[in-house]
Every structure is written in structure tokens, then in C-alpha cells.
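Trainee: So the protein lines, in turn, are chains A and B. Take the first sequence: its letters are residues 14 to 139, numbered as in this note's numbering. Take the second sequence: its letters are residues 4 to 571, numbered as in this note's numbering.
Certain hints may be false.
[Unchecked claim] Beyond 12 Å from chain B on every Cβ pair, some chain A residues (computed):
#1 D22
#2 E109
#3 F120
#4 R123
#5 G131
[To be verified] Listed below are several chain A residues computed to face chain B (Cβ distance under 8 Å; list not exhaustive):
#6 A106
#7 K118
#8 R122
#9 Q124
Think of the hints as simulated: they come from the structure by calculation, not from any bench. For each residue, glycine too, the CB sits at the ideal point set by N, CA and C.
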Amino acid sequence: MKHILVIDDDEAVRKLFLLSLEETGYSVYTVSSGMDGIKALKEGQYDLIFLDLKMPGMNGVETLRELRKIDRDVPVYIITAFHDEFFAQLKKAEEEGMDFDVLRKPFDRRQLITATKGILEGPTSY
Amino acid sequence: MIQAPHREQKRERHMANKPINVLCIEDNPGDTRLIQEMLAEAEGARFKLECADRLSAGLGRLAEGGIDCALLDLTLPDSHELDTFERVQAQAPEIPIVVISGLDDETLAIEAVQKGAQDYLVKSYLGSYVLARTIRYAIERKRMEQELERYREHLEELVEQRTADLLRTNRALQAEIAERLRAEKDLKVSEVRYRRLFEAAQDGILILEAETGKIIDVNPFLIEMLGYSHEEFIGKKLWEIGLLKDIAASRGAFRQLQERKYIRYEHLPLKVKNGKRRDVEFVSNAYRVDGREVIQCNIRDISERIRDAEKLKTAYAHLENQSAIMAQQAKMSAIGVLVAGVAHELNNPLMAMLHFAQYCLKHTAEDNRIYTVLQDIEHEARRCIDIIKNLLTFSHSGDGKKERYEIKNLAEILERVVRLLSYRIEKEGVSITSHVDEETPKLRMHVNAMQDVILNLLANALDALEESKKKEVRIDVHPDGDGVLVSIADSGIGISPEAIGNIYDPFFTTKPVGRGTGLGLSLCQGVIHAHGGEITCESEPGKGTVFHVFIPTQRRKGAKRDEAHFSD
Chain A
14 MKHILVIDDD EAVRKLFLLS LEETGYSVYT VSSGMDGIKA LKEGQYDLIF LDLKMPGMNG
74 VETLRELRKI DRDVPVYIIT AFHDEFFAQL KKAEEEGMDF DVLRKPFDRR QLITATKGIL
134 EGPTSY
Chain B
4 MIQAPHREQK RERHMANKPI NVLCIEDNPG DTRLIQEMLA EAEGARFKLE CADRLSAGLG
64 RLAEGGIDCA LLDLTLPDSH ELDTFERVQA QAPEIPIVVI SGLDDETLAI EAVQKGAQDY
124 LVKSYLGSYV LARTIRYAIE RKRMEQELER YREHLEELVE QRTADLLRTN RALQAEIAER
184 LRAEKDLKVS EVRYRRLFEA AQDGILILEA ETGKIIDVNP FLIEMLGYSH EEFIGKKLWE
244 IGLLKDIAAS RGAFRQLQER KYIRYEHLPL KVKNGKRRDV EFVSNAYRVD GREVIQCNIR
304 DISERIRDAE KLKTAYAHLE NQSAIMAQQA KMSAIGVLVA GVAHELNNPL MAMLHFAQYC
364 LKHTAEDNRI YTVLQDIEHE ARRCIDIIKN LLTFSHSGDG KKERYEIKNL AEILERVVRL
424 LSYRIEKEGV SITSHVDEET PKLRMHVNAM QDVILNLLAN ALDALEESKK KEVRIDVHPD
484 GDGVLVSIAD SGIGISPEAI GNIYDPFFTT KPVGRGTGLG LSLCQGVIHA HGGEITCESE
544 PGKGTVFHVF IPTQRRKGAK RDEAHFSD
């Protein structure tokens, strides 16, 4: 079973990930802050991470930097509604060579499952 | 004037019984006695004789006064011949002197008469009558002599006085003449000065005859200003030249001027010779010169002042317009910030709602009554999400990409939009005709934003056609001045006059709930303004609506506006 880590401060978002992805056959673990996400990655192995960009405390880009120190290869989706304020940071992270994809909010159930499968099941499953 | 003593009065004195005082200066007592006897015998007058046997005594008596006549013997012990006479005469020039002589010295007596003695008597021929008469005549003659002398003196005095008067008058006359000459000269100077002012004035001056209103003089400046020649002015009335439009009013104004002596127009439009209009300030007043009433009209060209005022007015209106635009932009910007904040806050919960509905749908049988309700929830959540998307687009708070400007042909974008809407166009049976001028230049624009504009306008046109029988949309693209004009006309329901003023306001919509957000045209306007362009609308309810979008090929100078960014 593939393991997915969701880092998002919004409980509703964490819930929708659980509802949509668990019954698709993935193990979903959710945390509400960057710090908790880093802790979770240190303690366990994940196949995919959904990381919210706008969070109180450590934001998505800062968290990503720490996550990459622990695991250089795990695929990461940054979830964002594209705030101008984070655009520059995101671009900088990209330039630093940090690997991530972007999942743009709002997305529906189908889009989420497609994005997830695209990473975890390989391109043939589209 | 001095009155001459009256002769009659004098005579009366002699006729009265007042004695005639006679002084006889004679050293021969025999003669003296003889004379005394003769005088006593004389008729018609009383004589009182006094005697002096020496000249010195005679002179002394004369000095005392009261003597009317002197009888003088020229040969006295203390004086001789004419010397005697002269000394007596010197002592009493006012007293008549009668010389008494002997036969031997009659010549001397005559000499004395020549020197001023009244008469002479020869002792040998003396008689009472002759003596008395001679004395009286001598007195009378002397008196007349003196009177004559006084007259002469008085006359001289008079002449002198007259001469003085004449001199004074003459001087006064000369002064007056000089004064007149000076005045005349001054007048000439002032006339010349006035003439020079008149000729050189930088205002137009017109002189009218007050009674008739006929022009009697016009200065060169006015001729230059109004284009009519000197001859065309002179002798005519102001309203006969063709300067003034309203002849009746001008005539009325002239009557008013005649009555009040003053009239002033701050602003009077005149038609000059070449038919052009000239705005003047017109001030005229009446005054009297050389007994003739004239009217002077001062005419000042204020065309430039008026033009400046109009320019100022235009500039002010432009400024007001600009400030209204700026206020609108500030409003939009504030709304944008607010909307973006709210939209972002709603993003997560709405997305979660959508997912929950979808989860429920997945786990509910289609024949379950709840299934359609869940579908409704899903549908409404999507609607909310769409609104949020639009709001974020509107507030420009999208993905932050600023480099989406390209030089493109508007016709291409138009084609793409028509393709996008082709399903709806076909389904609703709308006929679209589009005409694109081949000369239309390419434009530098934000392609996606401009596509949204065209999409919005075209979708609005389709919405407007839904309930009308005639379903036509006409699209026109052609060069216009320094830019491109796109017109999108529909034959739809039109926009009511009440609504047309608000169509660009955010959240204003006439569409049924669920169909419009009220942001479409507001968004369009924002995009078009960001391109330095303009959007205008004409509409007739029941007939249709046309939207004109003008986009300049080049940014206007001074309108330095940052190229705004739009989300995809």
C-alpha cells in the first residue's frame, strides 16, 4: 500500500484528502503544520506528499526545504491557490533545484485522484 | 469826478453886500487917498480899502489873507518895476493884481499884464467907475482864470486817470490775449495728444454722434480688429455694418445708452468682415464736446481671454474626469483587495464541500432520493468555486505572471472566441457576421485578458438574444485614428436607460440569479483601461446594443501606465 502524507493547516482540506484518497486504496496520514510534517517524514516512509503553501508558522516552501534534507526523492505536490506573495519563493525553490509539482486549488475529486495516480501509478494510468 | 465850482454861486457872493477887500500897495499917500475916494463913490459894490506904503508891508498883509484884489504901484521905496509885481504874485498867486502906473511907465504895466497882472490903470485917467469896474473885472477874470486852471488841472488829472485806466485795461487785455493764446495752444496740444492716443490705442475706439448714432470716427486698431475699412464705418450706424447679429436689440441698447450715458457689455460677440466671430468687451459713454453730444465706444478684443477661459474649462472638465476615473480605480482597487481576501478564505471550505458532496454521491445509489440533492450540492459548490475564480481574476490577484503581453492581431482572438462559443451559437440559432478590415494593425496586448474581454462581450450579446426573435450579432473590426475599434452589436433586448449608467460597476447585473456575477463588464473595462483604451456602449431597449472597444496602437504619451497583469 502506498503512503501519502498531507500537510495542511485547514482541517476541511485534510478531511477531503482522507475521504477521496483512502477509499482509492492509499494510506493517508495528515498533519496540520510544517513542523509536524518534518517530524512525520523523519519517523516514516512516504510515497507522496501534499504540502500546503500558505500556512501559519513554517510555510510550504520553508517546509519543503527541510523535507528535502530528509528525503531528496519523495514526490511533493505543493497545493496553492497562487498567492502573489509566495510566487517569488516558489520560483526561487524551483531555481534552487528543488523538485516539486503544483496542484492548483480549487480542484475536485477527479482532479485529485488523477493527480495522485499520475504520480503513484505511472503515466499509463491516465 | 470833480465838480467845477459853480459860477452862479460866486456871482451871488459879489452881488450881496459883502465888501470887496482891496489892498492898495502905494507909497504916494495922495494917490492912496484918491483911490479911496473913488472907491467910496463907486456904485453897485462896496469896497473896503486897506493900504500899504511899502512892498514888505503889502506882502505881510497878503500873507494874512482875506484880500480880494491888490492894487499895485510898481515903484515903491523897497521895490521897483516888474520885480515888485513878481514878488506880489509869488506871495499871493491866487489874488488878482491890478497895476497902477503913471503915464511914463505904461510900457512896464503892459509887461506886467503879460506876466499875469489882470489889468493896469493909468493914474492920470483914473475915475471911480473905471476903477471899480477894473477891480471887479480883475477879480472876476482871476477867478475865471483860476477856475480854468482848476479845470485844466482836473482835466489833466482825468486824462492821467483815464490813461492809467486804459493802461490797466490794456494790460488786462494783453494778459487775456496771452491766456487765450496759451489755452489755444494747450487745446491744440491736448487735441494732438488725444489724436495720438486715438490713433495708437491698442483698443478699438469708435466715436458716434449721440443724437443719430452715426459713426463719426474710428481708430486704426478697430479697423484692423474688425476688418472693415474707414469708409465703411463713417456715416453709418453701428447696426448697419453687419457687426451685430441682433439689430433690434442693438437699436434698443443704443436708446438705453442715450438715456443713461453709459453702457457696458462684458462679452459681446461681433461678426467681423471675413465672417468670423470675435468676442469683445464693449464699453461706451456719452459726453459733450464743442457743444455736441458724442458717444465714445471702447472695444477690446477678448477672444483670446475667452479662448483661454474655454481651454481652462476643458482642462478642468478633463481633470474632473480624470479624478473621477482615479476615484473609480481606487474604489476598484479597494474592492479588489477585499474580494481577493474573501475569495482566498472561501477557497478551501468550498473545495472541501465539493469533495464531501462528491464522496457522498459516490456512496449513494442513483435511485436514492438523496442522490439528486447531493448532485445539487455538488453543482452549487462548483458554482461558488467558479464565482471565486472570477473574483480572483477580477482582482488581478492571480498567478502573478506579468509578462503576458504580445503583439497580436485582434481578429485572431475574435476567431478563437467565436470558436469557443460555437456550440452555444449553433444551439441558440444565432447568426454571426463579422467584418475585419484588412488594414487593421496588430496590437500589443495581454492576450488572455483581451480574450476574456471579447468572450465576455460576445457572451453578453448571446445572453441578450435569448428572448428575442431576431438573433443577430455583428462584429466589426477596423482601424480608427491611432488605434483599432472593435464593435460588437446584437439585436437583443437592449439595456434600459436606468441600468446603462451602472453597467461597469462591479456586482451590477440584470441577469437572473445564477447567470451573472456582475463582474464581466467591470473586468472588461479594467482590462481595456489597462491597455490605454476605452469602452463605450449604445443601447436601445427592444432593438439591441452595441459595445465599442477602442485600443490604441501605441501608448499615449503621458498616460504612463504599468502594464497590468491578469490571471489566466
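Trainee: Are the hints correct? Go through all of them and say.
Mentor: To see whether the hints hold, each was checked on the structure:
1. Distance check for A/D22 against chain B: the nearest CB is about 9 Å away, which does not clear 12 Å, and the non-interface claim fails.
2. With a least CB separation of 19 Å from chain B, A/E109 remains clear of the 12 Å interface cut-off, as annotated.
3. Residue placement check: A/F120 does not keep its beta carbon more than 12 Å from all beta carbons of chain B (closest about 7 Å).
4. Non-interface status of A/R123 relative to chain B is broken: a Cβ of that chain comes within 12 Å, the nearest being about 8 Å off.
5. Interface exclusion of A/G131 from chain B stands, the closest Cβ pair being 18 Å apart, more than 12 Å.
6. Against a cut-off of 8 Å between C-beta atoms, the interface hint on A/A106 is violated, since the closest Cβ of chain B lies about 15 Å away.
7. Checking A/K118 against chain B: minimum C-beta separation of about 5 Å stays under 8 Å; hint holds.
8. Of the supplied interface hints, the one on A/R122 holds, with its beta-carbon coming within about 4 Å of a beta-carbon of chain B, less than 8 Å.
9. About 10 Å separates the beta-carbon of A/Q124 from the nearest beta-carbon of chain B, more than 8 Å, and the hint is not met.
Violated hints, listed in ascending order, are 1, 3, 4, 6 and 9; each of the other numbered hints is respected by the structure.
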